[in-house]
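> Could you put the whole structure together from the sequences, leaning on the hints where they help?
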Amino acid sequence: MSDNKVLLEVKNLKKYFQVSGGILKAVDDVSFTIKKGETLGLVGESGCGKSTTGRTIIGLYEPTAGEIIFDGKKVNHLTYEGRKKFARRAQMIFQDPYASLNPRMTVGDIIGEGIDIHGLYTGKERMERIYQLLEMVGLNREHANRFPHEFSGGQRQRIGIARAMAIEPEFIIADEPISALDVSIQAQIVNLLMNLQQEKGLTYLFIAHDLSMVRHISDKVAVMYLGMIVEMTSSAELYSNPLHPYTQALLSAVPIPDPKVERKRERIILEGDVPSPINPPSGCRFRTRCKYAMDICKEQTPPLKEVGSSHFVACHLFNK
Amino acid sequence: MVEITREKFERVGPNIEESQAIVRPSMTYWQDAWRRLKMNKVAMASLVFLILLGIMAIIGPYMLPYKYSDQNLMMTNKPPSAEHWFGTDYLGRDLFVRTWMGARISLTIGIAAALLDGIIGVIYGGISGYFGGQIDNIMMRIVDILYGIPYLILVILLMLVMGPGVVTIIVAMVITGWVGMARLVRGQVLQLKEQEFVLAAKTLGASPARIILKHLIPNTLGPIIVSITFDVPAAIFTEAFLSYIGLGVQPPLASWGTLANDATNVLLMYPYQLFFPAFFISMTMLSFNLLGDGLRDALDPRLRK
Chain A
1 MSDNKVLLEV KNLKKYFQVS GGILKAVDDV SFTIKKGETL GLVGESGCGK
51 STTGRTIIGL YEPTAGEIIF DGKKVNHLTY EGRKKFARRA QMIFQDPYAS
101 LNPRMTVGDI IGEGIDIHGL YTGKERMERI YQLLEMVGLN REHANRFPHE
151 FSGGQRQRIG IARAMAIEPE FIIADEPISA LDVSIQAQIV NLLMNLQQEK
201 GLTYLFIAHD LSMVRHISDK VAVMYLGMIV EMTSSAELYS NPLHPYTQAL
251 LSAVPIPDPK VERKRERIIL EGDVPSPINP PSGCRFRTRC KYAMDICKEQ
301 TPPLKEVGSS HFVACHLFNK
Chain B
1001 MVEITREKFE RVGPNIEESQ AIVRPSMTYW QDAWRRLKMN KVAMASLVFL
1051 ILLGIMAIIG PYMLPYKYSD QNLMMTNKPP SAEHWFGTDY LGRDLFVRTW
1101 MGARISLTIG IAAALLDGII GVIYGGISGY FGGQIDNIMM RIVDILYGIP
1151 YLILVILLML VMGPGVVTII VAMVITGWVG MARLVRGQVL QLKEQEFVLA
1201 AKTLGASPAR IILKHLIPNT LGPIIVSITF DVPAAIFTEA FLSYIGLGVQ
1251 PPLASWGTLA NDATNVLLMY PYQLFFPAFF ISMTMLSFNL LGDGLRDALD
1301 PRLRK
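Quick mapping for you: the protein sequence lines, in order, are chains A and B. Going by this note's numbering, the first sequence opens with residue 1, and the numbers climb by one from there. Going by this note's numbering, the second sequence opens with residue 1001, and the numbers climb by one from there.
The reader is advised that the hints may include incorrect statements.
Each computed DSSO-like pair below joins lysine-lysine, with the alpha-carbon atoms no more than 30 Å apart [claimed, not checked]:
#1 291/A to 305/A
#2 124/A to 1214/B
#3 298/A to 260/A
#4 1193/B to 74/A
#5 124/A to 14/A
#6 1214/B to 84/A
#7 124/A to 84/A
#8 264/A to 298/A
#9 85/A to 1214/B
#10 1193/B to 11/A
#11 200/A to 260/A
#12 291/A to 73/A
#13 260/A to 73/A
#14 73/A to 124/A
#15 85/A to 1193/B
#16 200/A to 298/A
#17 73/A to 14/A
#18 5/A to 124/A
#19 291/A to 35/A
#20 11/A to 36/A
#21 260/A to 74/A
#22 74/A to 124/A
#23 14/A to 1193/B
#24 74/A to 14/A
#25 84/A to 1041/B
#26 1067/B to 73/A
#27 73/A to 36/A
Not everything, but these chain A residues come out facing chain B in the computed CB check (under 8 Å) [said to hold, decoys possible]:
#28 60
#29 104
#30 114
If the Cβ cut is set under 7 Å, some of the chain B residues that face chain A in the computed set are [unchecked claim]:
#31 1029
#32 1033
#33 1199
#34 1200
#35 1203
#36 1204
#37 1205
#38 1219
Hints were generated in silico from the structure; no laboratory data involved. Every residue gets a Cβ at the ideal spot worked out from N, C-alpha and C, and that includes glycine.
Dropping the structure here:
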């Protein structure tokens, strides 16, 4: 699937927000690469900066520091024209299918918006393209004249996918596209996304908090905690050999569909809450909840280091 | 007992085409709002009254063979009769013609002031809300300052500078009136611009103008219309009040406020003279308010049934 060409490279990305009470470090020094045709899953609990990372990459937020390199070109701090060009190649699918469609526009106009902005087709060709997109995501052409409130959550998410696909991007950021949907619909949407990837050779950044779904769709998985990546490796390796204590705790929470195994399964229960990102703990951010915490964890932030073949982990336990 | 055999059953299986079909008839937002407004009897009665009022304001002055300024000193202070349907005033002017002339002036002032408020408020509030940050801060402090000026003082000053008249009243009301609309629109835009559909439009590369015109304004139109409907009676009342204290339109022009003012002078002898302007002022304000209430219910998608 991958021809080993790096499509997206994120270098030391930081995004801080000025809030009352200090600076909220939503994303703090995140680096990763995604190769063409690959899917990188980005997981972590709510508030850990996954969505902010996605939105900063696509240009909805200006990064505080760091670089975003897409296909060899820097794409942060773009002019309006530059943004528009980048928009043709990278698109986003949003989390909430109820909020992501303008309630005053017909589905046809919603899907056609990208076509209009970039002037790809007009008149009859435009309608044909919209019909084609609707059918591609499993809806009928009659739906073009309907309004978003007439659709179910799953159908709306399909419309959101069609809108992103309308301008034929190469790279799609899916920001928790399934977390607002019923479990039965989740599988449909994930399968649709995977089929589209195969057909069009898309590259995905798949943001989610559902580990089993991420495992299903991703080639590589990065685990985030409080604005930092704590572990990153291929999805097979991550699930069979999680190294970071946080990853271990996360994976232990995934139920296994086998009662015999499930009975013996031991959950690692993390103590306490996620510390506030406005005033994160010094050194390793996970140390307040980590049962292996050592003295060094207080003083130094562990770097993300390669400990096995392309298995990266940020923990002093493996930092010898 | 009836025997149930396997043969009686036929496997239907899921039909993808059918499962994606939508049964509900397709309705635009405005069709749906109109449908809900029609169910509200009070609002519809108000709407009918206001339409009739509008028609009468246009044709009323031509229904009797008098001009609004025609004086007839032989026929002063006559009670309603076949010749003068609402009677005459202290100068013998026909009150029916003058009431509908007054309706023209009052409705013109009310609607013009509310619309101008709306237009200025939407543009100002839209820009302030969309760009946010420092721009928003500065623009909203200007609004706060304007909000603090007592409008009566402003009206008196404007009268001195521009001379009394319809235009002066409209200008005075718009200068102080648009800030409410600006605040409303800014609040709505601030809320909407973080919505995912606006982010999606940005991601697609949409320009700020496109986002404001296609995404933000259409979604605030409901509250804007409701607010304008409430602004019209407020403006009519302000005009009547200003005219009543002698700051409004000047004779021989008539507005409902000046008619009421004239009538109070002779209230003890001819109380019916006050009835017509007072009745139309109250009914118009009531109708606009009830219609505004109905529109708010009809335009709010959260109340959809």
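> Which earlier hints turn out false for this structure, listed by number in ascending order?
Numbers 3, 5, 8, 11, 12, 13, 14, 16, 18, 19, 21, 22, 25, 26, 32 - these are the hints that the structure violates, sorted from lowest upward.
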